[in-house]
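Chains Z and F, in that order, are what the protein sequence lines are.
For the first sequence, this note's numbering assigns the number 92 to the initial residue and increments by one for each residue that follows.
For the second sequence, this note's numbering assigns the number 17 to the initial residue and increments by one for each residue that follows.
Warning: the hint list may mix true and false statements.
What the hints assert, rightly or not - Straight-line C-alpha distance at most 20 Å; calculated SDA-like pairs for lysine to any residue:
(1) Z:K192 with Z:T172
(2) Z:K599 with Z:D706
(3) F:K131 with Z:I494
(4) Z:K521 with Z:I494
(5) Z:K158 with F:Y125
(6) Z:K662 with F:K148
(7) Z:K661 with F:S60
(8) Z:K662 with F:Q99
(9) F:K148 with Z:G514
(10) Z:K661 with F:F98
(11) Z:K437 with Z:K398
(12) Z:K655 with F:Y125
(13) Z:K655 with F:F98
(14) Z:K452 with Z:R483
(15) F:K62 with Z:D648
Hints listed in this document are in silico derivations from the structure and should not be mistaken for laboratory results.
These are the residues of each chain, in order.
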Amino acid sequence: MLHLEDFPSDAELVENTLKKNGLPVNIRWVDNEADFRKALVSFAPDAIISDHQLPSFTSVEAFQIFKASGLRIPFILVTATISEEFAVTMMREGVDDYVLKDRIQRLPNALVNALQKVKAERDRELYYNKMISSGKRFQALVENISEAIMVVSSRGQITYTCPAVKRIMGFDHDEMHGRQFSNFIYATDYAGMARFFDAPAARPYVFHEHTFRVICSDGGYLWVEGTISSFESEAGEHSFVVNCHDITRRRESALQLQESEAKLKTVLNNTEVSYVLTDVHLNIISFNHIAAKSYERELHAVISEGKNLTTLTPTSMPRETLSKFRHALKGELVSYETSFDNDGQKNWYQVKLLPVHDDHKEVRGLLVSSENITTRKLHEIERDKMTADILRHNKNLEQFSYIVSHNLRAPVANIMGLAMLAGNSAMLSKADFDKCINGLQQAARRLDEVILDLDQILQVRGAIKEKKQLIHFDALVDDIKASISSLIEKDNIHIDTHFEVNELFTVKSYLYSIFLNLITNSIKYRNPEIAAIISVSSQKHNNNIFLSFKDNGLGIDLQAHGDKLFGLYKKFHMDKEGKGMGLYMVKTQVEMLGGQISVTSEVNKGTEFILQFED
Amino acid sequence: MKRKEPSYKYENVLLVDDSELDNFINEKTIEANYFARKIYVNTSAKSALEFLNNLVTMGDQFSDAHPDVIFIDINMPMMDGFQFIESFKKMSENRLRHPRLVILTSSVYHEDRQKAINISSDIIFLNKPLTKEMLNNL
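Excised from the complex, chain Z in its bound form:
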């Protein structure tokens, strides 16, 4: 308690009065302005009691000082005499009470009342301050937030927009207030939200998340993600808080990502190459449409994520293919060609196994790409066939030129030489001249023969015009036996046949000629000292038909003549007639039918010719 009083007796009176009423007071008594100011700060009083009339200054001045100090404590005026008017003025200024000195017994009550009143005032003030500061905070929050917040009435009218609405949508507060919320939403998007506004009562306070477009002041729109919640106002009316977050950029990048993914998918699905991605255990992670199609077509396997590549088909993956995958899993890039035969259609694939590495260069899986290269392959095969054809034609031409330069040239040289001799007949005897004429005739005949042979060779070597047909070996041999029956009977030839395979789809006249030539050859070169046996047989090995013509004849020294055996006009038995055409023609015809011929022979034991044809 701070007491401002100049008379010590009055100070004592106040102290006594308070003590008498049981108020435990610690009173600081000051009598001048300087001490009063000091005490206000240092003493920290709970209340101030002030005399009105002091020698140095008045209670009015003291009150001003007290007010300026900002202290919120009771200030009670205790005075001997004051006018009613002054008292009212002071009370209006804020003095809490006044007590006349002659009625000092009222002071304790006045003090207690004033203390209570000031406390209540202070509490209220504190409460107001709290209220004000939290409200301000909330407002600041709402006004600085980046989300657009709108309050919409149950009739769909906008009643509040936060400043962010202007930033995001570009509309001023006034442009939106009182207008329908739906006017600011992209029409097709609002359709999906309308339901929520229509029946708010059914789900009060429900947060409703929605992605929609808001209309902007520039006529464009923005994608926002909105939360709509309903609440009941104090007046009991339903309202909605719409809280929107601009996601245009996010949405655009998401759309771009989607688009690029879609593009990549489109590319992968429209490429001619099949792709299958697997992990290190060859479990399928993903694949494109082509992969699904080609696995179905070639392996009759349904490809799906999670399945293992090695167990797609009932039959396990071939060992050599597995080994290729193993190499790829070690980090090698493996590339190979493979083919599948389905319903008579053969498809070729170029397969590449690309190891997929992680950042640590470790193999994490495989990308298996398969490209259908059938068209290219067919072209290659066609080209190889054409090359082989050209080579064959070229060989034929060489053969032709060889025949011309050797066999055609020989009788021509004879004719030239004989003509030269005959032209100088003075040097010749009659006998020699006749020999010349005879020789000329011989040479001319030989020339004609060679020309006929050439024609025959060229016919065989040319394109085969005759259609292929199914030929039965036994019937063919029977035909030949019939045609050379006199020869067989005369020399008592025995022809054995044993056909494990009895048929071949081929050109009949060629095969007939081959059989006839080989059989007559065996007859011609039989061993005259023993009974001739010719055995003709057939066997099948790996899609190849082998025909054997074996005799017990004279045989031939293959070491000395093997390379010339099938040559044109090559003869090895001078005592036998023939011009060395037979085996040449046999070889030519076998080759024309796509086959091969080989021979084994031993002098005086016999000869075996083996023919090989693709079935």
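Following the hints, position chain F against chain Z.
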């Protein structure tokens, strides 16, 4: 009236050819051109080799009978002209008077000529028919 003994270019020639007709033409041409006094004829390479071998074994007193020129055909059965030359070279090593080897063939096949040159550079390659000009150049 005694005929004057004609002068021959060579003493002996050997013809190796399987064709009787060719041998007749070559013999008559050689005779007509006084190319050699004596003409040996063999119709196979094998018999020609035997003949030459006999000459060698008979020794030096028969060296006058050794051929100065050997005409060989290429295309002959059993043993052809090239095989004959190879065998002959092996056999003759310094034991025969070195005859001139002439391949006389009807073949105009370029590879045959090349093959003859490859065997030995001193082999003469001639195309039938044998002419006066050819004999003059030998």
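Results of checking the hints against the structure:
1. Z:K192 with Z:T172: 8 Å, holds
2. Z:K599 with Z:D706: Within the cut-off at roughly 15 Å; holds.
3. F:K131 with Z:I494: Status holds; Cα separation ~17 Å.
4. Z:K521 with Z:I494: At roughly 35 Å apart (the allowed maximum being 20 Å), Z:I494 and Z:K521 break the hint.
5. Z:K158 with F:Y125: Distance of about 143 Å is beyond 20 Å: violated.
6. Z:K662 with F:K148: 33 Å, violated
7. Z:K661 with F:S60: Status holds; Cα separation ~14 Å.
8. Z:K662 with F:Q99: 16 Å, holds
9. F:K148 with Z:G514: Within the cut-off at roughly 13 Å; holds.
10. Z:K661 with F:F98: 15 Å, holds
11. Z:K437 with Z:K398: Violated - the C-alpha atoms of Z:K398 and Z:K437 are around 26 Å apart, more than 20 Å.
12. Z:K655 with F:Y125: 17 Å, holds
13. Z:K655 with F:F98: Holds, at about 14 Å.
14. Z:K452 with Z:R483: 53 Å, violated
15. F:K62 with Z:D648: Distance ~16 Å between F:K62 and Z:D648 Cα, so the pair holds.
Consistency note: the structure conflicts with the earlier hints numbered 4, 5, 6, 11, 14.
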